[in-house]
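S.K.: Read top to bottom, the protein sequences are chains U and P.
Numbering of the first sequence is given in the working numbering, commencing with residue 1 and proceeding in unit increments.
Numbering of the second sequence is given in the working numbering, commencing with residue 466 and proceeding in unit increments.
Honestly, the hints are just simulated from the structure, not real lab data.
None of these values were measured; they are calculated from a predicted model.
Just so you know, not all the hints are guaranteed correct.
Stated by the list, open to error - Ranges of calculated distance between the beta carbons of each label pair, as one might list FRET restraints:
1. Thr530(P) <-> Glu371(U): 54 to 62 angstroms
2. Ile491(P) <-> Ser377(U): 29 to 37 angstroms
3. Glu471(P) <-> Phe157(U): 40 to 48 angstroms
4. Ile480(P) <-> Ala114(U): 25 to 33 angstroms
5. Met466(P) <-> Pro402(U): 48 to 56 angstroms
6. Met466(P) <-> Ala86(U): 50 to 58 angstroms
7. Thr468(P) <-> Glu118(U): 14 to 22 angstroms
8. Glu371(U) <-> Glu561(P): 15 to 23 angstroms
Every residue gets a Cβ at the ideal spot worked out from N, C-alpha and C, and that includes glycine.
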Amino acid sequence: MQHLMEICYLIGSFGFIIGLKLMGQPDSARKGNLVAAFGMGMAVFGTLFLDKTGFAVIPNFGYIISAILLGTVVGTLMAKRVQMTAMPEMVSIFNGMGGLAAALISIIEWQEIAHHPEIEMPLGHYIPIIAGLIIGTISFVGSIIAWGKLNGKIGDFRFAGQQYINAFILLVIIVAAYFNFTHIADGGSLWFYITMAVAIIYGLLFVFPIGGADMPVVISLLNSFTGVAAACGGFLYSNNVMLMGGVLVGSAGTILTVVMCKAMNRSLMNVLIGMAGSNSSGSGAAVSGSAREVQATDVAIMMKYASKVIIVPGYGLAVAQAQHVCHELENILAEEGIDVKYAIHPVAGRMPGHMNVLLAESNVEYDKLIEMEHINSEFPTTDVVLVVGANDVVNPAAKTDPTSPIYGMPILDVEQAKQIVVLKRSMKSGYAGIENALFFDPKCGMLFGDAKDSLQKLVNEVKSL
Amino acid sequence: METIFEFIGSNITYIYLIGLMVFVGIELISHVPSVLHTPLMSGANAIHGVVLIGAIIVLGKSETTDYFSIVVGFIGVFVGTLNVIGGFVVTDRMLEMFKKKPKGGKS
Chain U
1 MQHLMEICYL
11 IGSFGFIIGL
21 KLMGQPDSAR
31 KGNLVAAFGM
41 GMAVFGTLFL
51 DKTGFAVIPN
61 FGYIISAILL
71 GTVVGTLMAK
81 RVQMTAMPEM
91 VSIFNGMGGL
101 AAALISIIEW
111 QEIAHHPEIE
121 MPLGHYIPII
131 AGLIIGTISF
141 VGSIIAWGKL
151 NGKIGDFRFA
161 GQQYINAFIL
171 LVIIVAAYFN
181 FTHIADGGSL
191 WFYITMAVAI
201 IYGLLFVFPI
211 GGADMPVVIS
221 LLNSFTGVAA
231 ACGGFLYSNN
241 VMLMGGVLVG
251 SAGTILTVVM
261 CKAMNRSLMN
271 VLIGMAGSNS
281 SGSGAAVSGS
291 AREVQATDVA
301 IMMKYASKVI
311 IVPGYGLAVA
321 QAQHVCHELE
331 NILAEEGIDV
341 KYAIHPVAGR
351 MPGHMNVLLA
361 ESNVEYDKLI
371 EMEHINSEFP
381 TTDVVLVVGA
391 NDVVNPAAKT
401 DPTSPIYGMP
411 ILDVEQAKQI
421 VVLKRSMKSG
431 YAGIENALFF
441 DPKCGMLFGD
451 AKDSLQKLVN
461 EVKSL
Chain P
466 METIFEFIGS
476 NITYIYLIGL
486 MVFVGIELIS
496 HVPSVLHTPL
506 MSGANAIHGV
516 VLIGAIIVLG
526 KSETTDYFSI
536 VVGFIGVFVG
546 TLNVIGGFVV
556 TDRMLEMFKK
566 KPKGGKS
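So here's chain U without its partners, still in its complex pose (with noise of 0.2 angstroms):
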């Protein structure tokens, strides 16, 4: 029967490889998708009911069914209620629920090994069991915060010399785990929850100052974070498909990271040190002078007498849930006869991707959806740029101002245009808390108002035109 599991578990390896590459085309994507799941389910199946112990015959099989059930309810239920918008917190505690596992499975096969301290314990043995252990409670506590912050529950925190004192927590871990495993031969499990204490420290101190703007790139780190767990576990149990998965996840995750962090301009290592966001170089120049608001009735006719017009959509569309009355307007637009694009910056919104999921939501055309360095040789021809809830990506500060925090950013040109205007609910700040100059442009307007109301009235005014 060993045998058996052996090839459900090579099955459900080459599942996950070859579901992540159809996951890179969208399509086939959602296929790509099945294809992993499948692999999953093959690789689970044969846990539960080929090993040569047979699990079938030991009492524990139905706790591991039932909490499996329970499990897949409640998952199904949390994953299917969910508002599109708010997928990113989704994924924040689905990835916090994988690292928890890692960590409970560390715990308890710790509880085996303190309570045969006369065994000697290998290295190769302690490690995978120790790094489970904190990367898992690390990648827990920091997805829970990532969850809080992403929803608004959870403000920033951050103090002078942070980043030291996170280094020096992270010190701190590696020296309880090696005291732990010194002290393996006494007896008692004191250094082994010390350890776990800090990497919970190191969790919150971890992402608690880093700005909302940043989260996409600590849920991708933390979600390799998890794979790296789920692979330590792998080498413990030396089990291949999950060290192939976790291996797989840790890698895949970090290079994702990576593209994220170009995209944003941030280095990698400044986030891990918890730097990012921390503005520590100023607010940048103050900016001075008037915004201009402008009423719908404006905006509609100026819309309408253009001939190109570029919508540029931000975390405020999805907030307000106003990609619907969006898809819309750019119908009657449309049907004006007006070209009608859209811009999509790689980071707008929570998640890259996040406005196409979204967009793509309410039947928008995949291809008038445009990457950022295609449309930004468009702006200059463009009549109106409409701005729905999206700030720091269009902040032309990012290119003129070298004091600012998000200086060499790259962002959307749209300063470019012919009229620009801004869809907001006030003249608040975006993400990296800073002033954006464009509001203040000559060429720029200001409607201010949810952008969900603010779009149906430019729907209403139009149709009326």
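Starting from the known structure of chain U, fit chain P onto it as the hints suggest.
M.R.: Only chain P this time, still in chain U's reference frame:
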């Protein structure tokens, strides 16, 4: 030093495996359009739910009278399943949005 060599020697297959998987992961992700980053992150998130297997193993080998291990293991299997099922379902919901529209064409 001797122990390090011994460690490497006795785990050489796994070290090969880890090295190769790192490259596979990097290769798979580096050429992906940014529109797919969120679903991909979510999909990868579901895949590391494979940690569930570890939780099953550890709960499966716990003594039936060891209530601590059983309770902790039960929670482990539960949250591991949440990660797997939730991850795949959320990813599927995201990717559902990318499916080709049957009608409409270019407007």
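S.K.: Decide, hint by hint, whether the structure agrees.
M.R.: Going down the list of hints, with the structure as the test:
Distance hint check for Thr530(P) and Glu371(U): the Cβ-Cβ separation is about 59 angstroms, which falls inside the suggested range of 54 to 62 angstroms. Checking the proposed 29 to 37 angstroms range against Ile491(P) and Ser377(U) shows it holds: the Cβ atoms sit about 31 angstroms from each other. Between Glu471(P) and Phe157(U) the CB atoms are about 46 angstroms apart, so this pair conforms to the stated range of 40 to 48 angstroms. Take Ile480(P) and Ala114(U): their Cβ atoms lie about 29 angstroms apart, and the range 25 to 33 angstroms holds.
At about 50 angstroms, the beta-carbon gap between Met466(P) and Pro402(U) stays in the expected band of 48 to 56 angstroms. Met466(P) and Ala86(U) have their C-beta atoms about 52 angstroms apart, which keeps the hinted 50 to 58 angstroms range intact. The given range of 14 to 22 angstroms is respected by Thr468(P) and Glu118(U), whose C-beta atoms sit roughly 21 angstroms from each other. Restraint check, Glu371(U) to Glu561(P): a C-beta distance of roughly 22 angstroms satisfies the suggested window 15 to 23 angstroms.
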